[in-house]
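Q: Here is how the chains run, residue by residue.
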Amino acid sequence: MTFKRDPGLPYQKLDEETIVVDPRSREVHLLNETAARVWELLASPRSLDELAAALGEEYDAPQSELRAGVDEVIGGFRDKGLLDPGGQPVRG
Amino acid sequence: MDSAPRCQDDAVIASPGDHAVVSRLQSMAYERMIPLNVSLELTLKCNIRCLHCYNFDRDTAGPVCGDAVSTSAPELELPEVLRVMDELRAAGCLFLSLTGGEVLTYPHLFAVLDRAREINLAVQLLSNGTMLRPGVAARLGGYRNLLGVSISLYGATAEVHDGITQVRGSWRRTLDGAERLRAQGVAVRLKLIVMRPNAHEVAAMRALADRRGFPYMLDLTITSRHDGTDGSLAMRVDPEQLDALYRGPLGDLIPSGGRPVSEAAFPCNCARGNCAISSRGEVYPCVSVPWSAGNVRKQPFIDIWRGSPVFERIRGLRIADYPSCAPCPDKGYCSRDRGAAYNASGSYTGIDPFVCSAAGLARKIGEARATTGR
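Here the protein sequences come in this chain order: A and B.
Taking the working numbering, the leading residue of the first sequence gets 1, the next gets one more, and so forth.
Taking the working numbering, the leading residue of the second sequence gets 1, the next gets one more, and so forth.
Be a bit skeptical, because a hint or two may be false.
Estimated spans, in silico, between C-beta atoms of each pair [as the list claims (entries may be wrong)]:
#1 B/His108 <-> A/Lys13: 42 to 48 angstroms
#2 B/Arg318 <-> A/Gly56: 46 to 52 angstroms
#3 B/Glu118 <-> A/Lys80: 20 to 26 angstroms
#4 A/Arg26 <-> B/Glu312: 36 to 42 angstroms
#5 B/Leu253 <-> A/Ala61: 41 to 47 angstroms
Note that these hints are calculated values from the structure, not bench results.
Beta carbons are placed, not taken as given, at the ideal position from N, Cα and C, and that holds for glycine.
Can you build the whole structure from these sequences, using the hints too?
A: Below, the structure is given as structure tokens:
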């Protein structure tokens with residue numbers, strides 16, 4: 001399964017962090033450095049493995065740890081309604 | 001600064017839990033001079049004829065005119081508007097206010113909203129609400145990046161409101177429009193403009209907003225017009241009305257003991273985290289200060305933002321540069337409205353005597369309250 005950020009959500013970089021504004025929920029989300037990078041990568045659809053691999057090129061950490069971190073970030077985005085609701089099916 | 005000063009019109013989102021995050025972003029913009037908040041005037045056309053309008057005298061039959069610099073230039077075409085939006089985003093804009101005239105008269109409004117969504121701008125509209133028909137409200141409800149709509153209301157009754165807009169039925173249409181928009185899930189905030197003909201209804205206006213469950217802001221600012229006429233000033237509350245308002249239904253606007261004022265500068269977000277662009281492309285420090293820093297038809301926005309002598313001047317101002325304000329004992333109670341000062345005096349560092357007398361009155365009442373505890 002791939003994930004993509006909701007393309008309609010306003011956001012702004014704040015140094016290494018990113019602020020995402022959700023007018024519908026009236027919430028403002030402050031993403032830490034890792035979550036901000038994932039947010040950037042989610043401009044186009046990516047799977048969890050693809051996200052972990054991309055982070056692996058930037059961070060010196062075991063792949064399993066990166067995968068777990070990505071999993072947590074995506075889960076947070078999903079819970080907060082920040083992902084594109086039109087998700088894509090698993091590629092064959 | 002812990003929290004950069006912002007114009008009231010910017011604050012449609014006001015969730016307590018988010019305040020610290022937004023404040024941090026605004027402070028960063030203020031310190032680094034990033035145009036985080038931009039007001040973009042799409043048109044000067046309007047479907048009502050408010051007596052207090054600051055654009056131009058709406059009772060004139062002449063061509064649409066606006067700022068003193070380019071009264072005969074045509075309004076920006078859609079491709080120009082879209083280009084400017086891209087430039088604003090690249091410069092760091094996040095919060096874009098669309099205004100007019102009446103923004104809903106602008107024929108390409110939805111193309112502008114589409115572009116704002118594509119480039120992840122958070123948008124709010126400033127409107128009179130009268131054109132929010134069901135289809136329009138539904139369409140606006142589909143924009144997830146729409147922060148909200150600020151709708152101006154001038155009375156608790158049709159008689160008073162319509163007398164100010166000079167359009168019968170406008171009060172009803174404004175309230176119906178606000179309700180329709182809210183039903184579509186869009187945040188609506190009423191802007192209650194207090195002036196001479198509605199001063200007696202202020203308490204009723206607040207009660208109406210409360211009863212209908214609309215958040216609101218109050219504004220007493222009436223300035224002379226950007227076309228150089230000053231007939232709008234006749235709509236300002238008179239001193240007796242202001243006294244009664246501050247001792248009555250607007251008493252809560254006066255901070256007990258006053259606000260702290262830095263001796264280094266008059267904090268203002270003009271040309272630091274905020275600017276405005278007129279429908280003819282003039283870039284101003286703020287929507288109410290028609291002091292042109294340049295025109296986006298002639299220069300890229302970022303060149304104006306970074307290199308304009310006007311903006312350089314404003315950014316370098318310290319309290320000592322305001323000759324009347326620096327020694328004034330009423331500073332802690334003053335709105336320090338730069339638009340009022342500029343329009344009244346022709347100088348950014350000048351004064352508007354009405355604002356001064358309002359501050360004096362507020363200090364008198366505020367200090368008495370602080371002393372008596374009432």
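Q: Find the hints from earlier in the document that the structure breaks and name them by number, from lowest to highest.
A: Structure breaks hints 1 and 5.
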